[in-house]
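Based on these hints, arrange chain U on the given structure of chain F.
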Amino acid sequence: DIQMTQSPSSLSASVGDRVTITCRASQNIYTYLNWYQQKPGKAPKVLIYGASSLQSGVPSRFSGSGSGTDFTLTISSLHPEDFATYYCQQSYSNPIYTFGQGTKVEIK
Amino acid sequence: QVQLQESGPGLVKPSETLSLTCTVSGASISSDYWNWVRQPAGKRLQWIGRIYASGNTNYNPSLNSRVTMSLDTSKNQFSLNLSSVTAADTAVYYCARARWAIDGTYYFDYWGQGTLVTVSS
Chain F
1 DIQMTQSPSS LSASVGDRVT ITCRASQNIY TYLNWYQQKP GKAPKVLIYG
51 ASSLQSGVPS RFSGSGSGTD FTLTISSLHP EDFATYYCQQ SYSNPIYTFG
101 QGTKVEIK
Chain U
1 QVQLQESGPG LVKPSETLSL TCTVSGASIS SDYWNWVRQP AGKRLQWIGR
51 IYASGNTNYN PSLNSRVTMS LDTSKNQFSL NLSSVTAADT AVYYCARARW
101 AIDGTYYFDY WGQGTLVTVS S
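Chains as they are written, first to last, in the numbering used here: chain F, 1 to 108; chain U, 1 to 121.
Worth flagging that the hints you see were computed from the coordinates, not collected in a lab. Heads up, some of the hints might be wrong.
Computed from the model, here is a short list of chain F residues facing chain U with C-beta under 10 Å [claimed, not checked]:
(1) Asp1
(2) Tyr30
(3) Thr31
(4) Gln38
(5) Ile48
(6) Tyr49
(7) Phe62
(8) Ser65
(9) Thr69
(10) Asn94
(11) Pro95
(12) Ile96
(13) Phe99
(14) Gly100
(15) Gln101
List time: in silico DSS-like cross-link candidates among lysine-lysine, alpha-carbon distance up to 30 Å [claimed, not checked]:
(16) F:Lys42 - U:Lys13
(17) U:Lys75 - U:Lys13
(18) U:Lys75 - F:Lys45
(19) U:Lys43 - F:Lys108
(20) F:Lys104 - U:Lys43
(21) F:Lys42 - U:Lys75
(22) U:Lys43 - F:Lys42
(23) F:Lys45 - U:Lys43
Beta carbons are placed, not taken as given, at the ideal position from N, Cα and C, and that holds for glycine.
One chain only, chain F, in its complex shape:
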């Protein structure tokens, strides 16, 4: 299976901060990479698909970049509702889809 590793596992940030989360794949997955946001007790919500395409309805402060094995999710200016856990997911290895371990964004 393709292993997905996120860094950091957690971070503390303030409202208005720029936040960057990294996801690394164990092999080349081109741009078959998606990002999700999950709040406690809730289902994940897709933010970015195809490494950089913004899902409809998702604020433009979220952006994704990368290809190959290294990917980044950026929140340009952190809002209070953005405190959550973020997961990456690869879809290159069809149909064995794997997720990263998550990055928890906490209030500083």
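Same frame as chain F, now just chain U:
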């Protein structure tokens, strides 16, 4: 608006079969890919498998021999059976719809709220 809702027992005994149903509204299960994903407490999400409108299925090899999925188009529902469960199968189980983006990316765009299934005697 597309909505998914999981239902089924919250407690299953070891060695028995876990059975869950996902009821879909706002979309027809006669198209698209319908998936099950689980999340043990404090751990990462794990894709269990999917069923397509045609009834074709794909399962995670780590669970393959224990998983069965099915569709009930008359009720717009799809189901998961996981046999011979152990404590390691305790998790929140989500049903989710998946789409293929134009670039070939496969992503989960609608999810149920999740249901906790505990395996314990």
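Right, here's what the structure says about each hint:
| no. | hint | in the structure |
| --- | --- | --- |
| 1 | Asp1 | 8 Å, holds |
| 2 | Tyr30 | 9 Å, holds |
| 3 | Thr31 | 7 Å, holds |
| 4 | Gln38 | 8 Å, holds |
| 5 | Ile48 | 9 Å, holds |
| 6 | Tyr49 | 4 Å, holds |
| 7 | Phe62 | 14 Å, violated |
| 8 | Ser65 | 15 Å, violated |
| 9 | Thr69 | 16 Å, violated |
| 10 | Asn94 | 7 Å, holds |
| 11 | Pro95 | 4 Å, holds |
| 12 | Ile96 | 6 Å, holds |
| 13 | Phe99 | 4 Å, holds |
| 14 | Gly100 | 7 Å, holds |
| 15 | Gln101 | 5 Å, holds |
| 16 | F:Lys42 - U:Lys13 | 26 Å, holds |
| 17 | U:Lys75 - U:Lys13 | 28 Å, holds |
| 18 | U:Lys75 - F:Lys45 | 26 Å, holds |
| 19 | U:Lys43 - F:Lys108 | 23 Å, holds |
| 20 | F:Lys104 - U:Lys43 | 12 Å, holds |
| 21 | F:Lys42 - U:Lys75 | 25 Å, holds |
| 22 | U:Lys43 - F:Lys42 | 14 Å, holds |
| 23 | F:Lys45 - U:Lys43 | 17 Å, holds |
Going through the hint list in order, the structure does not satisfy hints 7, 8 and 9.
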